[in-house]
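**Q** Residues per chain are reported as follows:
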Amino acid sequence: MLEINNLTVEVGGRRVLKGVDLKVDAGYTNVLFGPNGAGKSVLLMTLMGFSGYNVISGEIIFKGEDITRLSVSQRAQMGMGIMTQRPPNLSGVRLHDLLKVISKDPKETEELAESIDMVRFFDRDVNVGFSGGEIKRSELLQLSAQNPDFLLLDEPESGVDLASIELLGNTINTLLNRDCKCPGDRCRHGKSALVITHTGQVLDYIETDRAYILCNGTVMCSGNPREMLSEIKEQGYEECIKCKLMQI
Amino acid sequence: MQADADMRKKAEDALGKSAAYGEDFNLDEYSAGATDVRYEQNLTDLTEEDKRTLLNVGFTPGEENRSGSLIMVDNTIAHTSLHDKDGVELMSLRDAMKVHSWVKDYMWKLIKPDADKYTAMSYLQDANGYFIRAPAGKKSKMPIQTCLLIGSKQVSQTVHNIIIVEEGAELEVITGCSTKHGVEKGLHLGISEMYVKKGATLNFTMIHNWADQIGVRPRTVVHVEENGKYISNYVTLKPVKSIQAYPTVLLEGKGAFTRLNTIAVAHPGSELDLGSRVIFNAEDTSAELISRTITTGGVSIARGEMIGNANGAKGHLECHGLVLSDKGTQRAIPILEANVQNIELSHEAAVGRIAREQIEYLMARGLTEEDAIGMIVRGFLDVGIQGIPDELRADIDETIAKIGENAI
Numbered sequence: 004m005l006e007i008n009n010l011t012v013e014v015g016g017r018r019v020l021k022g023v024d025l026k027v028d029a030g031y032t033n034v035l036f037g038p039n040g041a042g043k044s045v046l047l048m049t050l051m052g053f054s055g056y057n058v059i060s061g062e063i064i065f066k067g068e069d070i071t072r073l074s075v076s077q078r079a080q081m082g083m084g085i086m087t088q089r090p091p092n093l094s095g096v097r098l099h100d101l102l103k104v105i106s107k108d109p110k111e112t113e114e115l116a117e118s119i120d121m122v123r124f125f126d127r128d129v130n131v132g133f134s135g136g137e138i139k140r141s142e143l144l145q146l147s148a149q150n151p152d153f154l155l156l157d158e159p160e161s162g163v164d165l166a167s168i169e170l171l172g173n174t175i176n177t178l179l180n181r182d183c184k185c186p187g188d189r190c191r192h193g194k195s196a197l198v199i200t201h202t203g204q205v206l207d208y209i210e211t212d213r214a215y216i217l218c219n220g221t222v223m224c225s226g227n228p229r230e231m232l233s234e235i236k237e238q239g240y241e242e243c244i245k246c247k248l249m250q251i
Numbered sequence: 069m070q071a072d073a074d075m076r077k078k079a080e081d082a083l084g085k086s087a088a089y090g091e092d093f094n095l096d097e098y099s100a101g102a103t104d105v106r107y108e109q110n111l112t113d114l115t116e117e118d119k120r121t122l123l124n125v126g127f128t129p130g131e132e133n134r135s136g137s138l139i140m141v142d143n144t145i146a147h148t149s150l151h152d153k154d155g156v157e158l159m160s161l162r163d164a165m166k167v168h169s170w171v172k173d174y175m176w177k178l179i180k181p182d183a184d185k186y187t188a189m190s191y192l193q194d195a196n197g198y199f200i201r202a203p204a205g206k207k208s209k210m211p212i213q214t215c216l217l218i219g220s221k222q223v224s225q226t227v228h229n230i231i232i233v234e235e236g237a238e239l240e241v242i243t244g245c246s247t248k249h250g251v252e253k254g255l256h257l258g259i260s261e262m263y264v265k266k267g268a269t270l271n272f273t274m275i276h277n278w279a280d281q282i283g284v285r286p287r288t289v290v291h292v293e294e295n296g297k298y299i300s301n302y303v304t305l306k307p308v309k310s311i312q313a314y315p316t317v318l319l320e321g322k323g324a325f326t327r328l329n330t331i332a333v334a335h336p337g338s339e340l341d342l343g344s345r346v347i348f349n350a351e352d353t354s355a356e357l358i359s360r361t362i363t364t365g366g367v368s369i370a371r372g373e374m375i376g377n378a379n380g381a382k383g384h385l386e387c388h389g390l391v392l393s394d395k396g397t398q399r400a401i402p403i404l405e406a407n408v409q410n411i412e413l414s415h416e417a418a419v420g421r422i423a424r425e426q427i428e429y430l431m432a433r434g435l436t437e438e439d440a441i442g443m444i445v446r447g448f449l450d451v452g453i454q455g456i457p458d459e460l461r462a463d464i465d466e467t468i469a470k471i472g473e474n475a476i
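Residue numbers (my numbering), protein chains in the order written: chain A, 4 to 251; chain B, 69 to 476.
Worth double-checking, as some hints may not be accurate.
[Said to hold, decoys possible] Chain A stretches covered by chain B per the calculated footprint, using a threshold of three residues with CB under 8 Å from any CB of chain B: (1) 70-79; (2) 96-102.
[To be verified] Listed next, the stretches of chain B that the computed footprint assigns to chain A, with coverage defined by at least 3 CB atoms under 8 Å from CB atoms of chain A: (3) 419-430; (4) 440-448.
[Stated by the list, open to error] Among chain A residues calculated to face chain B with C-beta under 7 Å, some are: (5) Ser54; (6) Tyr56; (7) Val58; (8) Ile59; (9) Pro90; (10) Pro91; (11) Leu93; (12) Val122; (13) Asn176.
Don't read these hints as lab results, they were simulated from the structure. Quick reminder that beta carbons are idealized off the backbone N, C-alpha and C, glycines included.
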């Protein structure tokens, strides 16, 4: 589904990602761990093609096609979707109007909006005056309406109160897997995702397949998500850096 | 009579007096135009082209959801029809002067004939226009629609409108200003004096759809009494040579309120000098001035002015201007003046391009760049104007879509 080869990216003249290699197979949900400032969000923004994220070298292969130079729209139309951490305010653009334009299945969108209590935000301007949790629910609703094959989720649980995390996690899980319960079936029919998480809380609700650890703009390690999370909790990221240095 | 003669002399002297703002038009280049135009009583019998012209300024020829209709072509009233005879009066100003002896007491009271050459010209030509009056306590459920049309080339259309909303009454007026197909050059001079009396409400929407070489010089003053409300929507999204207007609302009674919305697009070659002025002359009066302008290559000047002369006055002024071309100009000129202590006037003004991250946010949802810009522009210009016919809304959408395409 997605293959990143030797990707180096500059933001504001500063090299943030250095030779990143990463892969997400079809139907897989991979996780990206890493300390603050490691470049996790930059990687997701670069994958979506946002301006200001300049690819210096390397390539992004999506569905077998080199998308490194494609526009944001082209990537979205190929089936990529993103939930960013701090989306901009869109004054004058009502949430309902945007949903109408992007919904592939309006009825399903309305139903999801009901279930995550977003109907009352339909006439509000997108993101304007939304709380942290409301932004996440709004983003999730938009992503569901858009229904992409490949989801980039940047810390979906941040800013969400404990009581709402379950709702959010379950909604993401439904969005990713739809009705596929069997792991084999999921690989064939489910969606793919790359998820950034700091706390790992969202992993209680979604099945993940592989984790990558990003430190200082470089992939340090990859492996089983749960094992890695418990290792990070015990040892911290410094151990990952040391481990990587040992390999060199 | 002596007073009339004095005023006439002053107006004659003012024929050479340029306006404070905007391009100076030579009045000698324009004629009076057609004088014998008559439209069908049933406006649905008009040609498709004429109907389209009317629809594009919010005027529905079928008169669905309208209390009455009036059309002025060049300097002639070509059509008048009234369905809600109990709730509202609608006729030409000349007819109103015959019906009501007191109409003259409302004429040239808010606007001085010698203010500039355009007011002087309108005075000296004894300009006709519409007279709309909502009797005390009457609340007409549907709006009156009027259209001021330039139908001949090189015409100077002079208009004098009077609107009176008597105590406790409510009235809605939609005025469309347009040119007939093929008319390129012309001048529209419009005097509008509006009176909103105690506890009354006037909702006034004006939609412009002129042509490339039309000059427009409206002069509007609104007088609002105690607890009266005046809501104005001023819409000009199509190319025009030059509009210079500075409508003024006088809040003269305690608790009076006004909201003035201006939405405008300055196309290449257009100069839009659109101001709004509110003068708070009574206690506890309030006002909101909202200006949303876009330049795609023309000059847009948004003047907003609030002058507080009475305690308890509150006002907020918002001037936002989008720049969608390297060639256009956006100028926002907010003016706040407090002449007493207990007053709250504020403003926010911003001009600039659409933030790239907003466009890309929508692109990440699958919209093309054109559609993303269109959606943001539509949202930017949406100030919640009610009663716009579907055809006009579709025309506005088309204009906005073109702006999106051209902005890339």
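**Q** Compare the structure with each hint and give your call.
**A** Hints, verified against the model:
Counting residues of the stretch 70-79 of chain A whose CB lies closer than 8 Å to any CB of chain B gives 5, so the stated coverage by that chain holds, three being the minimum. Remark: the stretch 96-102 of chain A is confirmed as covered by chain B, as 4 of its residues place a Cβ nearer than 8 Å to a Cβ of that chain, reaching the required three. Interface restraint, the stretch 419-430 of chain B with chain A: holds (7 residues with C-beta to C-beta distance below 8 Å; minimum three). Only residues whose C-beta sits within less than 8 Å of a C-beta in chain A count toward coverage, and the stretch 440-448 of chain B has 6 of them, enough to reach three; the restraint holds.
Against a cut-off of 7 Å between C-beta atoms, the interface hint on Ser54/A holds, since the closest Cβ of chain B lies about 6 Å away. Among the interface hints, the one on Tyr56/A is violated; its C-beta lies about 11 Å from the nearest C-beta in chain B, farther than the 7 Å criterion. Violation of the interface hint for Val58/A is found here, the shortest Cβ-Cβ separation to chain B being roughly 16 Å, above the 7 Å cut-off. Contact between Ile59/A and chain B, as hinted, is not supported at the beta carbon level, the nearest pair being about 20 Å apart and thus beyond 7 Å.
Proximity of Pro90/A to chain B holds as hinted, the smallest CB-CB distance being about 6 Å (cut-off 7 Å). Restraint check, Pro91/A versus chain B: the minimum CB separation of about 5 Å is within 7 Å; hint holds. Checking Leu93/A against chain B: minimum C-beta separation of about 6 Å stays under 7 Å; hint holds. Residue-level restraint check for Val122/A is violated (minimum Cβ-Cβ distance to chain B is 19 Å; threshold 7 Å).
With its C-beta approaching chain B no nearer than about 22 Å, Asn176/A sits outside the 7 Å limit, and its interface hint is violated.
Consistency with the previously given hints fails for numbers 6, 7, 8, 12 and 13, ordered from lowest to highest.
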